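Participant: Taken in order, these protein sequences are the chains called A and B. Taking this note's numbering as reference, the numbering of the first sequence is continuous, increasing by one, and the terminal residue is 120. Taking this note's numbering as reference, the numbering of the second sequence is continuous, increasing by one, and the terminal residue is 278.
Since the hints were derived computationally from the structure, they do not count as laboratory data. Every value quoted in this text rests on a predicted model; they were computed, and no experiment measured them. Please note: incorrect hints may appear among the correct ones.
[Unchecked claim] Derived list of chain A stretches under chain B, where covered just means 3 residues or more per stretch with a C-beta under 8 angstroms from a C-beta of chain B:
no.: 1; segment: 49-60
no.: 2; segment: 67-75
[As the list claims (entries may be wrong)] Facing chain A, from chain B, some residues (calculated, C-beta under 10 angstroms):
no.: 3; residue: Glu208
no.: 4; residue: Trp230
no.: 5; residue: Lys273
no.: 6; residue: Ile275
no.: 7; residue: Ile276
The beta-carbon is built from N, C-alpha and C at its ideal position, and this holds for glycine as well.
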Amino acid sequence: SQTIHQWPATLVQPVGSPLSLECTVEGTSNPNLYWYRQAAGRGLQLLFYSVGIGQISSEVPQNLSASRPQDRQFILSSKKLLLSDSGFYLCAWSGSSAGGADTEAFFGQGTRLTVV
Amino acid sequence: AQKVTQAQTEISVVEKEDVTLDCVYETRDTTYYLFWYKQPPSGELVFLIRRNSFDEQNEISGRYSWNFQKSTSSFNFTITASQVVDSAVYFCALSVWSNYQLIWGAGTKLIIKP
Numbered sequence: 005s006q007t008i009h010q011w012p013a014t015l016v017q018p019v020g021s022p023l024s025l026e027c028t029v030e031g032t033s034n035p036n037l038y039w040y041r042q043a044a045g046r047g048l049q050l051l052f053y054s055v056g057i058g059q060i061s062s063e064v065p066q067n068l069s070a071s072r073p074q075d076r077q078f079i080l081s082s083k084k085l086l087l088s089d090s091g092f093y094l095c096a097w098s099g100s101s102a103g104g105a106d107t108e109a110f111f112g113q114g115t116r117l118t119v120v
Numbered sequence: 165a166q167k168v169t170q171a172q173t174e175i176s177v178v179e180k181e182d183v184t185l186d187c188v189y190e191t192r193d194t195t196y197y198l199f200w201y202k203q204p205p206s207g208e209l210v211f212l213i214r215r216n217s218f219d220e221q222n223e224i225s226g227r228y229s230w231n232f233q234k235s236t237s238s239f240n241f242t243i244t245a246s247q248v249v250d251s252a253v254y255f256c257a258l259s260v261w262s263n264y265q266l267i268w269g270a271g272t273k274l275i276i277k278p
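Chain A with its partners taken away, still in its complex shape (with noise of 0.2 angstroms):
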């Protein structure tokens, strides 16, 4: 069965350190990945999406980026982390397909992010 690891749970950082969170996917191949943020008390905002190895679509602009260095491990990373940056990521997978999104996405447990 397919499982998505993400880690670390929580992190506090401070203002202007660098940000390195990971996503591994196991028991699927070539999956589309996903990088979310979640405000507090809001709704997901789609940060990166991939669908291979090195391909990777930015849908805001921002401090953040991502890289997939494997086929089943996904990066955000962050040079210089500002308090905006403060919330909560998930990571997800969904099946690879030429309809994009059209099979049901599985996420992460997601890493707390508090920029202080």
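Assemble chain B onto chain A, guided by the hints.
Facilitator: Showing chain B alone in chain A's frame:
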């Protein structure tokens, strides 16, 4: 452009009551997909159901049921005989063919009181 509206920000009911969560969507595409997700206090999003635009059959899964009506662009979710464990934020989402984005509603916070 696509849009999902969940007009109910928060609903509070007493356990064992039935409750319906509304979802209204907008799209000009003829091929699209609708989803419901549950987000319990732990934060992880749990997939509940997916419907494609060509399948208007209603779905029942235990105490959960979904009513998809293209005529009103709605995909409503009903919980029968609600339980405290149903307390969560519920999201409705929409995607269209060849687009990798999910368009999310703002979510409805459901509180089930014992």
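Participant: Among all the numbered hints in the text so far, which are the ones the structure does not match?
Facilitator: When the structure is compared with the hints, numbers 2, 4, 6 and 7 turn out to be violated.
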